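**Q** One letter stands for each residue in the lines below.
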Amino acid sequence: MIKVLLFAELEEKAGQREVEISAEEMKISDIRIYLLNKFPQLTVINTAMPAINEEYAEDEVKAKAGDNVAFIPPVSGG
Amino acid sequence: MIKVLLFAELEEKAGQREVEISAEEMKISDIRIYLLNKFPQLTVINTAMPAINEEYAEDEVKAKAGDNVAFIPPVSGG
Amino acid sequence: MAEQKNFLITEEVINIQEVVDKVTDRNAGAINTFIGTVRELTKGKKTLYLKYDAYVPMAEKKLAQIGDEIQIDFPEAKVAITHRIGELGITDIAVVIAVSTPHRADAFTASRYAIERIKEIVPIWKKEHWEDGEEWIGDQLEKKPYPSGKPEKEDLQ
Amino acid sequence: MAEQKNFLITEEVINIQEVVDKVTDRNAGAINTFIGTVRELTKGKKTLYLKYDAYVPMAEKKLAQIGDEIQIDFPEAKVAITHRIGELGITDIAVVIAVSTPHRADAFTASRYAIERIKEIVPIWKKEHWEDGEEWIGDQLEKKPYPSGKPEKEDLQ
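Chains as they are written, first to last, in my numbering: chain F, 1 to 78; chain A, 1 to 78; chain E, 1 to 157; chain L, 1 to 157.
Just so you know, the hints here were simulated from the structure itself, not pulled from any lab data.
Please read all numbers here as calculations on a predicted model, not as lab measurements.
By construction, the Cβ of each residue, glycine as well, lies at the ideal position given by its N, Cα and C atoms.
Just to be clear, a hint being listed does not mean it is correct.
[What the hints assert, rightly or not] Covered stretches of chain E (chain F as the covering partner; in silico rule of three or more C-beta atoms under 8 Å from a C-beta of chain F): (1) 42-54; (2) 57-65; (3) 117-128; (4) 131-138.
[What the hints assert, rightly or not] Over the 12 Å line for every Cβ pair with chain L, so calculated as not near, a few chain E residues: (5) Asp68; (6) Phe74; (7) Glu87.
Okay, chain F solo, but in the shape it has when bound (with noise of 0.2 Å):
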């Protein structure tokens, strides 16, 4: 199971901070299809950078069961 979290403008438009996805591995880029079919008023996920477990990722790397994926809007803080 791989655990997607979701922020800011992205939390309020799908209504949850956390979804989870049954999948051994699965590349970012078909996590945000995943989620963009899930959730089509999405849209704004493609101006958010991934992140697996913290750290910035691509969108070619593969989670893996037991990360944590998250989408990362831009950024506002300071």
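We have chain F already, so just place chains A, E and L on it with the hints.
**A** Just chains A, E and L now, with coordinates in the frame of chain F:
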């Protein structure tokens, strides 16, 4: 009477912070000479900036009775 | 004690002195602090309050990374950053950065670097609440906008 | 109350928060503070303690002038500077500068300007005390030495 203030190294070399000069008016450059005469060890006064009544002033300016003249060694605050 | 961490996300009010104390050092002659506060007017629009959210463990990790990056350029620098999340009112402190260095020029450079980097790589978001609505604010970099809407690859190692 | 003055020479310990409070503003999103502390080692020599002296009324006047100069470039800036005099130990705070501005770049620029100007025009002097002696320290500008030993005319208006 003109009041002259000496600070930091100048005060230490002169052994006093204030000097009073009985004069109706006196050019800053003449005050320097007066002080060097009175305190021959006060050579560092030549690297000090003069001030009259808390504003930097030029050597040619005349101080008048009642004025506070100060000699400001290179500053080192902060 | 959590408050002793040099890189901290907190829901509590930030005490400036506590952040400064973390970088105070016998060999530091200069401490620069950057304090980000909630401003009432942005582009003529009146903010009532803000809400900050964060991906807390990753945000603390990225703040620590900024500290590491600063120490590459300034090995003697000490860095502490605390960012508050939750609801903040006008003039409330959102972030305090403190950097100590032996000489002052480095403290300014490093502190400025830290706030720019926070706005690039640290997963913290703010939602502005106005009288007539609310919105999650995206990338607010004043000087390095990302045309792609994403940080560039070289910023993210 | 003397402590409410934005430009202050004091013999008391400086409270950072108090200086920051003087510049906190509903329209300021950024506060930069520069904190000068007493460093133990300077050029390999070990300082035991420092003594600061000042021509107090002129020093406060010149600090206020620095505030005015900043407002020429940044009319929305608020500035407060407190400098301590008397005997200070290692890590003690000698000066706190706080500048608030609507946008962060200006706060950094103005705060940096203030510390450089203090070292140019404000009549404050420090005497370093080492194990083997003591000395009044002259001009310590890191970037703008005066070959003549004096500030230049254009710095002193």
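**Q** Identify every previously stated hint that the structure contradicts and give their numbers, smallest first.
**A** none
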